[in-house]
Amino acid sequence: MTPAIETRRLSKRFRRVTALSEATITVPQGRISALIGPNGAGKTTLLRLLAGLARPTGGDVAVLGSPPRQDPAFLADLGFLAQEIPLYRRFTSEDHIRIGGHLNSRWDEALVRRRLQGLGIPLNQRVGTLSGGQRAQVALALTLAKRPRLLLLDEPVASLDPLARRQFLAHLAEAVADSDLTVVLSSHLVADLERTCDHLILLAASQVQLCGDIDTLLAEHQVLIGPRKDTTAIERDHTLVQAVRTARQTTLLIRRSGPVIDPAFQTADVGLEELVLGYMGQNAGPAPAQLTTIGEDQ
Amino acid sequence: MTWLVWRQYRNQAYVAAAALAAFAVLLLVTGRQMASQYRTALTLCAASHSCGNLANTLTLGNPVVSLLITLTVVVPCLLGVFWGGPLVAREFETGTSQFAWMQSVTRRRWLIIKVGWILLAAGAWGGAVSALVTWWSSPVNALQHQNFQPAQFDIQGIVPVGYAMFAVALGIATGTLLRRTLPAMAITIGVFTFLRLVISEDLRSRYMTALTITSSFLHRGHHSAMPTGSYWLVSQGLVGPGGKLLSAGSQPSSGIHVDGVPIASLPRACQALAFQGPRSFFPCLAAHGYRGSFITYQPASRYWAFQGIETGIFVLLAVALIAVTAAVVLRRDA
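Residue numbers (numbering that gives the first Met the number 0), protein chains in the order written: chain A, 0 to 297; chain B, 0 to 333.
FYI, nobody ran anything at the bench for these hints, they're computed from the structure. The beta carbon of each residue, even a glycine, is placed where N, CA and C say it ideally should be. It is possible that part of the hints are untrue.
Pulled from the structure, derived: some chain A residues nowhere near chain B, Cβ distances all over 10 Å [to be verified]:
{"hint": "1", "residue": "D70"}
{"hint": "2", "residue": "A169"}
{"hint": "3", "residue": "R227"}
{"hint": "4", "residue": "E234"}
{"hint": "5", "residue": "R235"}
{"hint": "6", "residue": "V243"}
{"hint": "7", "residue": "A263"}
Label-pair restraints from in silico Cβ distances [said to hold, decoys possible]:
{"hint": "8", "chain 1": "A", "residue 1": "S104", "chain 2": "B", "residue 2": "R31", "range": "48 to 58 Å"}
{"hint": "9", "chain 1": "B", "residue 1": "P182", "chain 2": "A", "residue 2": "P161", "range": "39 to 49 Å"}
{"hint": "10", "chain 1": "B", "residue 1": "V190", "chain 2": "A", "residue 2": "R8", "range": "35 to 45 Å"}
{"hint": "11", "chain 1": "B", "residue 1": "V323", "chain 2": "A", "residue 2": "R54", "range": "14 to 24 Å"}
{"hint": "12", "chain 1": "B", "residue 1": "R108", "chain 2": "A", "residue 2": "R54", "range": "11 to 21 Å"}
{"hint": "13", "chain 1": "A", "residue 1": "G100", "chain 2": "B", "residue 2": "A326", "range": "23 to 33 Å"}
{"hint": "14", "chain 1": "A", "residue 1": "S104", "chain 2": "B", "residue 2": "L119", "range": "20 to 30 Å"}
Working from the sequences, and respecting the hints, build out all of it.
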């Protein structure tokens, strides 16, 4: 089956700034992928490139089997929700529902109405006067009503309070469960996405640090805790992600290439947050040569 | 798409329709009064065989309404600023382009329908205002023969349609390039005004070669050979020694002029005679080698040709601006 998203060395440069550098990722269909990275890592740029709202300056991108293009059938398969929740602020939700009906061949009007009524959001109130959370819900409902095959959500929960955040993600998971939809949603907070997602794209400093199934990635990584000693042998056999050395103790985060057989070290499993922070911390450190772009199949 | 355009512009449409309706009522009422005033005056002067002088004795219309008529010259610019300026710029500014362009409608179709409707509406509104003004002005045109003069030419006939479409296209294009509504509006006003002035002051008189009439000082009826009807006087002056045409050109200088030529540039001996009337002044000029006076003008018969040429120029400019807009919208990032 063609992956929902496949990019190869995808890059986007603005005049002097490189927003995304040689990103190679694959997202299989039917996954909910967490696009995680610190602010300014290139998450928005990647999503806009996938949506066809921005053009790449290098590399290739295939979305649902073809490069993003200006074609009604392709656009119908995509749902994109930008970070700033762009809706016509002076229009009501009802207006937006009508616009969606006029502008889409496939349009599930009943779905929007059902969702918004369920959330108690008045349909004939200007969206500019709704709360940030309500507006995000309206925008998500409108995006879902297109019945897209790929949903790209840029920081959809950033403007929401914790309760609304949970509600939003629950609704999203529910919507995905009903279909074979693929979702990529970005956040700079791991905790937001841990429960909902089964796939991870980790971006830092415009580069892809990790991309793959979350369970597989967690199984591949391990934390080693041991005395302060030379770790050259471990670094040779495995890929060192992060090392924290104190006077007495060494803590290593490694990507395993096989079993670890150094009896001096205790092993521990890695949590998603720990993994993400490990890669982000590594990136902040002085060893950029260690950074590798790792696709799922590699 | 059409529904979206209507939803986005319906408030402006209501305002414009209300303004047009009020303007129409005012013009219909005062226009009918003025027409009957003119007919009555014609009947009276025909009875007393004094119609030749009617243009100097009859004042038609109410000065306030006349002023309002003159002010319709800004209608195309207003349409450009308020309809054209925000058309693309507002979508970029508020980010709604990311909403609109992610529906199942290509950017090309989005642009064609939006721009198409607005251009059509601008042309229709410009045309409706112009049609009312032209109808209202018909007695004045018949009396004063001024409708080929820039101030009237610009607000009557078909040119306002071209101006309106151009202004809207200009607003759309600057908004697309700048991605900001307010600067786009300001630049639209500036560029539109500048271009209109350049074309009406400088270029328009050259659409066709102006006709020249010269009259000799030796034949007494110096002004007898003037053209008739609503002609447009482009320039005038004196035919100097050796047949050279002397005219003040388009920049009037200060001081006293004789047929558009500053008196200071005439032979000193004749200058004093200028105030004693033509009987001694013209023979003096003739004695110094001056042959007569001339005018260049565009005859009344060319009025509609000029209207057509000018409308064509502005429609072509509008098309070029829309092409620029399309190139930017289709190629640039949202």
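Hints and how they fare:
1. The Cβ of A:D70 sits about 7 Å from the closest Cβ of chain B, inside the 10 Å cut-off, so the non-interface label is violated.
2. For A:A169, the requirement that its beta carbon stay farther than 10 Å from each beta carbon of chain B is met, with the minimum near 24 Å.
3. Every Cβ of chain B is farther than 10 Å from the Cβ of A:R227; the closest lies at roughly 50 Å, confirming the non-interface assignment.
4. The Cβ of A:E234 lies farther than 10 Å from every Cβ of chain B, with a closest approach of about 42 Å, so its non-interface assignment holds.
5. No Cβ of chain B comes within 10 Å of the Cβ of A:R235; the nearest lies about 45 Å off, and the non-interface call holds.
6. Every C-beta of chain B lies more than 10 Å from that of A:V243, the closest at about 41 Å, which supports listing it as non-interface.
7. The beta carbon of A:A263 sits about 53 Å from the closest Cβ of chain B, which is more than 10 Å, so the claim that it is off the interface holds.
8. Taking 48 to 58 Å as the suggested C-beta distance range, the pair A:S104 and B:R31 conforms, at roughly 53 Å.
9. A beta carbon spacing of about 41 Å between B:P182 and A:P161 agrees with the range 39 to 49 Å that was offered as a hint.
10. A hinted range of 35 to 45 Å for the beta carbons of B:V190 and A:R8 is consistent with their spacing of about 43 Å.
11. The hinted range of 14 to 24 Å is satisfied by B:V323 and A:R54, whose Cβ atoms lie roughly 19 Å apart.
12. A beta carbon spacing of about 19 Å between B:R108 and A:R54 agrees with the range 11 to 21 Å that was offered as a hint.
13. For A:G100 and B:A326, the hinted distance range of 23 to 33 Å is satisfied, since their beta carbons lie about 31 Å from each other.
14. The hinted window of 20 to 30 Å between A:S104 and B:L119 holds, with their beta carbons roughly 26 Å apart.
In the structure shown, a violation is registered for the earlier hint numbered 1 alone.
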